[in-house]
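J.: Given the coordinates of chain B, work out where chain C should sit on it, guided by the hints.
Going line by line, the protein sequences match chains B and C. Quick note on numbering that gives the first Met the number 0: the first sequence kicks off at 0 and runs consecutively. Quick note on numbering that gives the first Met the number 0: the second sequence kicks off at 0 and runs consecutively.
Calculated directly from the structure, the hints in this document are not laboratory data. Honestly, I wouldn't trust all of these hints.
Here are the simulated EDC-like cross-link-like pairs (lysine to aspartate or glutamate), alpha carbons at most 16 Å apart as the crow flies [stated by the list, open to error]:
hint: 1; chain 1: B; residue 1: K191; chain 2: B; residue 2: D139
hint: 2; chain 1: B; residue 1: K129; chain 2: B; residue 2: D139
hint: 3; chain 1: C; residue 1: K304; chain 2: B; residue 2: E49
hint: 4; chain 1: C; residue 1: K304; chain 2: B; residue 2: E91
hint: 5; chain 1: B; residue 1: K191; chain 2: B; residue 2: D163
hint: 6; chain 1: C; residue 1: K218; chain 2: C; residue 2: D265
hint: 7; chain 1: B; residue 1: K218; chain 2: B; residue 2: D198
hint: 8; chain 1: C; residue 1: K45; chain 2: C; residue 2: E11
hint: 9; chain 1: C; residue 1: K305; chain 2: B; residue 2: E49
hint: 10; chain 1: B; residue 1: K143; chain 2: B; residue 2: D193
hint: 11; chain 1: B; residue 1: K218; chain 2: B; residue 2: D139
hint: 12; chain 1: C; residue 1: K305; chain 2: B; residue 2: E91
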Amino acid sequence: MAIFDVMGPIMIGPSSSHTAGAAKIGYLARRVYGRPVERVHITLYNSFAETGLGHGTDKAILGGLLGLRVDDPRIRQSYTLARQQGVVFAFEQAIDPDKHPNCAVVQFTDADGGRPFTVEGISVGGGSVKIVAINGARVDFSGKHNLLFVTYRDVPGMMALLGDALGARGINIAYAQISRDKNTGQAMAILKLDQPCPDDLTSSFRSNVDVTDVVTIGKLGNEYERSEED
Amino acid sequence: MSAPKKTDALQEVQRIRIHGLTEARQLMGEYGIASLAEFFITYESKNQELPRTEVISRMDTILEAMRGALREGREHPNRTSSGMIDGGAARVAAFASAGGSLLGTSFSDVIRNTLAVAESNACMGRIVAAPTAGASGVLPGAYLTVADLRHVPDERIVDGLFVAGGIGECIAIQASLSGSQHGCQAENGSAGAMTAAAITSLFTEDQDAVESAAAFALKSVLGLVCDPVAGLVEVPCVKRNVMAAVNAVASAEMALAGIRTVIPFDEVVQAMANIGREMPNALRETSLGGLAATPTAIGIANRFKKSCAGR
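Looking at chain B on its own, in the form it has when it is part of the complex:
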């Protein structure tokens, strides 16, 4: 740990796991989605469902989805803020023993309810969180790395293409994961990078005929750095 893990974070109360953690899940989910948030459906699971309202878990996760950080007092008025910004939101509570005790699933859609995109996050204690699934694909992302998330038609050579292009720019890959969905023929590559992926590189990946979608997520700043301890 570090001294500022003990003395901090500065946050909106009352709970590091149920309030600060929830806000951070919303914030990360927004960054994973990477497009303007128009319509969100949030399912709070287990302890988030049972004690969430008393901890402001709903307000916190919505605040995070609107881009508020864990110490932003506007979290308290996130419902009003969302309506002012024209964001349509709905909550659901559920119990699922297969999911983490503090779990939330955020489903984004565009204004017409199309193009669903889901992000699942868990709050693991002390304000630390992890994104554990993106559109059903298992991931492990806590905001400590720069992330590149590429969805593409499952053709050979995609990893080499990505790796070469990043390598040519001196960007090191800390971790890579690929998975595919046999039904849709879509594959997903999730890369953790030591340096952020530059915009022009993201655009060039996006223009590849086999690529469906590219999402880049920058590492979170100090306000969200907290060790996995406690």
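T.: Relative to the frame of chain B, chain C by itself:
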């Protein structure tokens, strides 16, 4: 000439690893560092690869946020949606100003200020989790109240916050700061130990006194369970903040008077960890035992769940 050598030795150090307070104090001797505050500033600067000035400026921000939490908590009538928290700080303030204080207004201030921050936290106020949100009232309530009463300059107050952080770090290394792992002894207990050490450090350079204050505060709450009613950070959490704050002031005063701990601080922390490991799951933030399992608490929890479902 050993002094310059010590400085050189410190300059060559890349990272500082400690297993507890005893080792921290040994290294202070080795590196020629006079105070715990300076040791933990160096510790953070080396380990996080941050310039010393940046480390201090981050703690300035923490102090500012704690003061803000105190201000917010004192100004707002804090009432939670469960109704269990209902403006306690304001009541104590009114009682004290009507001349009701049992031990003088300074003691009332410690109670009132601790309540103010802990209640504000329960009402989604902006606080510093130190070490946790559930125990966020203790440092501002006891440490800042004593420091302001004694007109301690901000620079010294910030130094004391490094002592508090260092004591918390020693607990985190050997045990945990989390109620779900070791019960409330790890949350309000740790906050009390951190606060007692910080207060003591304002008035003495004697590290035995600082260590004793932390040990006294923690020893007195060993075994304290985490049993929040309806799973909320309200009952008994808010009043346990007050207990920890008052205990911290008393511990600091005993240490400053020259009383020394028989059991070294690290051994107290290890005892806390051992007790925490033996603590049943029902008493570790699950709300399945203790106060949370009383008939009244179960009734409150059921009513609260129903009102939430209706929203």
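J.: Determine for every hint whether it applies to the structure shown.
T.: Comparing the hints with the structure gives:
1. B:K191 - B:D139: Satisfied, since the Cα-Cα distance of roughly 10 Å is no more than 16 Å.
2. B:K129 - B:D139: The hint holds at about 6 Å.
3. C:K304 - B:E49: holds, 7 Å
4. C:K304 - B:E91: holds, 14 Å
5. B:K191 - B:D163: holds, 15 Å
6. C:K218 - C:D265: Given that 16 Å is the threshold and the Cα spacing comes to 11 Å, the pair holds.
7. B:K218 - B:D198: Given pair K218 of chain B, D198 of chain B holds - Cα atoms ~15 Å apart, limit 16 Å.
8. C:K45 - C:E11: Status holds; Cα separation ~10 Å.
9. C:K305 - B:E49: At roughly 10 Å apart (the allowed maximum being 16 Å), E49 of chain B and K305 of chain C satisfy the hint.
10. B:K143 - B:D193: It holds: about 10 Å lies between the C-alpha atoms, which stays within 16 Å.
11. B:K218 - B:D139: Roughly 14 Å between the alpha carbons, so the hint for K218 of chain B and D139 of chain B holds.
12. C:K305 - B:E91: holds, 15 Å
In this structure, none of the earlier numbered hints is contradicted; all agree with it.
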